[in-house]
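Kindly generate the complete structure, drawing on both the sequences and the hints.
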Amino acid sequence: MSRTLRSVAVVEAITYLVLLAAVVLYRVFDGPKFTPILGPIHGTAFLLYFWFVIQAHHERGWAWSRTLPILAASVVPLGGFYAADRLLAD
Numbered sequence: 001m002s003r004t005l006r007s008v009a010v011v012e013a014i015t016y017l018v019l020l021a022a023v024v025l026y027r028v029f030d031g032p033k034f035t036p037i038l039g040p041i042h043g044t045a046f047l048l049y050f051w052f053v054i055q056a057h058h059e060r061g062w063a064w065s066r067t068l069p070i071l072a073a074s075v076v077p078l079g080g081f082y083a084a085d086r087l088l089a090d
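Sequential numbering of the sequence shown, starting at 1, is according to my numbering.
There's no promise every hint is true.
Cβ-Cβ distance ranges computed for the label pairs, FRET-style [to be verified]:
hint	residue 1	residue 2	range
1	29	66	38 to 46 Å
2	31	4	19 to 27 Å
3	76	7	16 to 24 Å
4	31	61	40 to 48 Å
5	29	55	35 to 43 Å
6	72	40	20 to 28 Å
7	48	77	14 to 22 Å
No lab work stands behind these hints, which were simulated from the structure alone.
In this text, all values refer to a predicted model and were calculated from it rather than measured experimentally.
Even for Gly, the Cβ is constructed at its ideal location relative to N, Cα and C.
Here's what the structure looks like:
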């Protein structure tokens with residue numbers, strides 16, 4: 001479960017950064033509109049991350065003081081990388 005959760009955290013972080021880049025490309029440089037495609041991809045990755053964190057919370061008996069920072073990391077760009085590297089290290 002730990003390896004899967006770390007992998008999902010990295011995927012979530014990557015999709016977040018790609019989505020942010022697509023928004024900037026579209027809004028600032030009047031580039032192509034990739035957000036209708038990338039938004040649902042990132043949304044799915046985020047929901048998977050959330051699901052796996054809650055599963056780990058229940059299976060491992062984590063306190064909410066450990067679970068909430070891991071969940072909060074997903075709303076900060078690069079937070080998924082931090083969670084995978086530091087917060088989810090066993």
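Notebook entry, point to check: Which hints, by number, does the structure contradict?
Noted result: Checked against the structure, the only hint that fails is number 2, while the rest are satisfied.
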